[in-house]
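J.: Line by line, the protein sequences give chains A and B.
So for the first sequence, my numbering puts the first residue at 37; every next one is plus one.
So for the second sequence, my numbering puts the first residue at 510; every next one is plus one.
Calculated directly from the structure, the hints in this document are not laboratory data.
You may find that some hints are simply not true.
[Claimed, not checked] Think about it this way: if two alpha-carbon atoms lie no more than 27 Å apart in a straight line, the pair counts; the simulated BS3-like pairs of lysine-lysine are: (1) K605/B with K539/B; (2) K900/B with K123/A; (3) K606/B with K159/A; (4) K610/B with K84/A; (5) K84/A with K897/B; (6) K767/B with K743/B; (7) K743/B with K718/B; (8) K669/B with K780/B; (9) K143/A with K900/B; (10) K900/B with K769/B; (11) K679/B with K84/A; (12) K623/B with K605/B; (13) K780/B with K84/A; (14) K624/B with K742/B; (15) K897/B with K143/A; (16) K606/B with K160/A; (17) K718/B with K124/A; (18) K610/B with K669/B; (19) K160/A with K84/A; (20) K822/B with K679/B; (21) K679/B with K780/B; (22) K606/B with K84/A; (23) K624/B with K685/B; (24) K539/B with K84/A; (25) K669/B with K742/B; (26) K624/B with K539/B; (27) K84/A with K822/B; (28) K780/B with K769/B; (29) K718/B with K742/B.
[As the list claims (entries may be wrong)] Restraint-style ranges between C-beta atoms, simulated for each label pair: (30) K84/A with P738/B: 38 to 44 Å; (31) G131/A with A676/B: 29 to 35 Å; (32) D595/B with L133/A: 39 to 45 Å; (33) P80/A with L696/B: 46 to 52 Å; (34) P835/B with P80/A: 31 to 37 Å; (35) G131/A with S630/B: 33 to 39 Å; (36) T633/B with G131/A: 53 to 59 Å.
[Claimed, not checked] From chain B, some residues computed to sit far from chain A (all C-beta separations above 12 Å): (37) Q541; (38) Q632; (39) Q748; (40) T770.
A virtual CB, placed ideally from N, CA and C, is assigned to each residue, including glycine.
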Amino acid sequence: MKTINRQRFDFSTLGRSVARGATALAVVLAAAGAAHAQAQAQNPDALKLYQRGLAATCANCHGTDGQGVVGTGMPVINHLNSAEILKKMLDYKSGALTGTIMHQLAKGYTDEQLQTIASVLGKK
Amino acid sequence: MNRRLFLGQSSALFGAALGMPGLARASLNKAQIVVVGGGYGGATAAKYLRLLSNNTANVTLIEPNAQFISCPMSNLVIGGSKTLADVTVSYDALQKKHGVKVVKDSVASFNAEKKTVQLASGQTLAYDKLVVSPGISLMLDSIEGLAQANQAGVTLQAWKAGDETVALHKQLASMKDGGVFAISIPLAPYRCPPGPYERACQVANYLKKNKPKSKVIVLDANPDVISKPGLFKKVWAEQYAGILEYRPQFNVTAVDAKTKTLKFDVQDDLKADVLNVLPAMRAGDLAVQGGIANANKRWVQVDFKTFESTAAKDVHVLGDSIQVAPLMPKSGHMANQHAKVAAAAIIAQLNGWEINPAPVLTNTCYSFVNDTQVVHVASVHQYDAAEKTFKTVAGSGGVSTGPTDLEGVYAWGWARNIWADSLG
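All chains should be built: construct the whole structure from the sequences, respecting the hints.
T.: In structure tokens form, the structure reads like this:
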């Protein structure tokens, strides 16, 4: 059994341990960016799969890979870059932005998860 | 440590070393993945298995219906403001755009030991991974006389959207003014918690405009409205007073088709002109007959990190069929979310990767209270590793402040986007 070389990687950008207090955009981006880089070095394919899976929780309303159906009245997000998506989500989460539903959903994600979602869905 | 994954990998290695290919886990690009059921769960699983594998997974979807007909929004067809065509979506994109092999057939049975699926047409398919998303089956036998009343065409459920949806609208449209439309609701859990209350609104909305002397009576086996109680009761008081009557703790025990009468545990019999009797529900027949409905013989217990059945290895079960986690609704939105977690887990297992330790699910259910106004309930569910279940996040989720036209726009935006996300 010892000979089995299991692939291990850092799930910290998917984890639930919130970087408490790291609400400033730059801090969140820097912290998550560092964790992201570390994880990338260990198993990029698996990490990419789970990051894409996390972002897919948004797709029911905002489209597969963030490409929403145009002209339905549902806000389309594909023109926003990662920083813009993250700012909106953090503002919904903090209560700075109100909506019909997004302020309720944003509160269910950790800041790190919101960063991951923003990095996947942001316009490249 | 994920013991199952560890063992899976070790047996694969031993199998390869000893020249026993039968023991080896199929790698992703060689594996045959069969998805049973093209509803919100199965269609999404088929699409995302292709998408998340960068189109390398071999995916076959077995679905008897030629087109997808959405249960969400179908109450508007019963109320008459929409047609079945408005809630119908083609399966073509799954095949043509995403490379899913769509087979128009139904599954008679599966064998989890031999890893085969028997189609109704007689063909047998071998699988490495099976995804079962069979929806619910109605326990007609739980109400005396219901099966006979259904056969006689007296009672309808319309709890799987399709011909019955249209037929129930016709019953409503042909009811005399001054008539009674009865909707009965079984004890939770059942498919679509707000669905019966939305339907009551749609029927009341139709009656208010077309047959104002008539009534819709909601007979609920539960002690109170199961979903969005404050919002529904506010709407009933403000918009449907004198038309919609809500009666909690009315448990239907029998139906008399000849006299169109409902009988209850406790209360006096009720005669009605239209009887929309919803019995208790359980996992789809395939799950029950396949022996994987191991929660109370009604629902399928799954490992929530993979949605793999606890009763059958390499059989993943999605949507309304599962034994839910706390506060997890049996909804189309939720089935779509199950499918994405399962698809990622299946790809990880076939690649020999560690399973995502922290999957996330969301839910949103919009309900139309008339032609244009809508209320919602929303939630976010994070995986709890210690308790091995999903839990809603404290402080997240919630309901509308009241019915609005804006949310009516978003509800259709939701429908068009989730249809595209699941099938497009």
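J.: Against the 27 Å threshold, does the CA-CA distance of K743/B and K718/B hold or violate the hint?
T.: holds (19 Å)
J.: Using the C-beta atoms of D595/B and L133/A, is the stated range 39 to 45 Å upheld?
T.: For L133/A against D595/B, whose Cβ atoms are near 32 Å apart, the range 39 to 45 Å is violated.
J.: When you check the alpha-carbon spacing of K606/B and K159/A, does it fall within 27 Å?
T.: holds (23 Å)
J.: Would the hint linking K624/B and K742/B be met if the CA-CA limit is 27 Å?
T.: violated (49 Å)
J.: So the hint says 31 to 37 Å: do the beta-carbon atoms of P835/B and P80/A match that?
T.: holds (35 Å)
J.: Holds or violated: K669/B with K742/B, Cα cutoff 27 Å?
T.: Holds, at roughly 26 Å.
J.: Within a Cα-Cα threshold of 27 Å, do K718/B and K124/A meet the stated pairing?
T.: violated (42 Å)
J.: Given the proposed pairing of K606/B with K160/A, does the C-alpha separation stay at or below 27 Å?
T.: Between K606/B and K160/A the Cα gap is close to 23 Å, so the pair holds against 27 Å.
J.: Against the 27 Å threshold, does the CA-CA distance of K669/B and K780/B hold or violate the hint?
T.: holds (25 Å)
J.: Quick check on a hinted range of 46 to 52 Å for P80/A and L696/B, using CB atoms only.
T.: holds (48 Å)
J.: Are the Cα atoms of K822/B and K679/B separated by 27 Å or less?
T.: violated (45 Å)
J.: Tell me if the straight-line CA distance from K900/B to K769/B falls inside 27 Å.
T.: violated (43 Å)
The structure does not agree with the numbered hints 6, 10, 11, 12, 13, 14, 17, 20, 23, 31, 32 and 35 stated previously, though it agrees with the rest.
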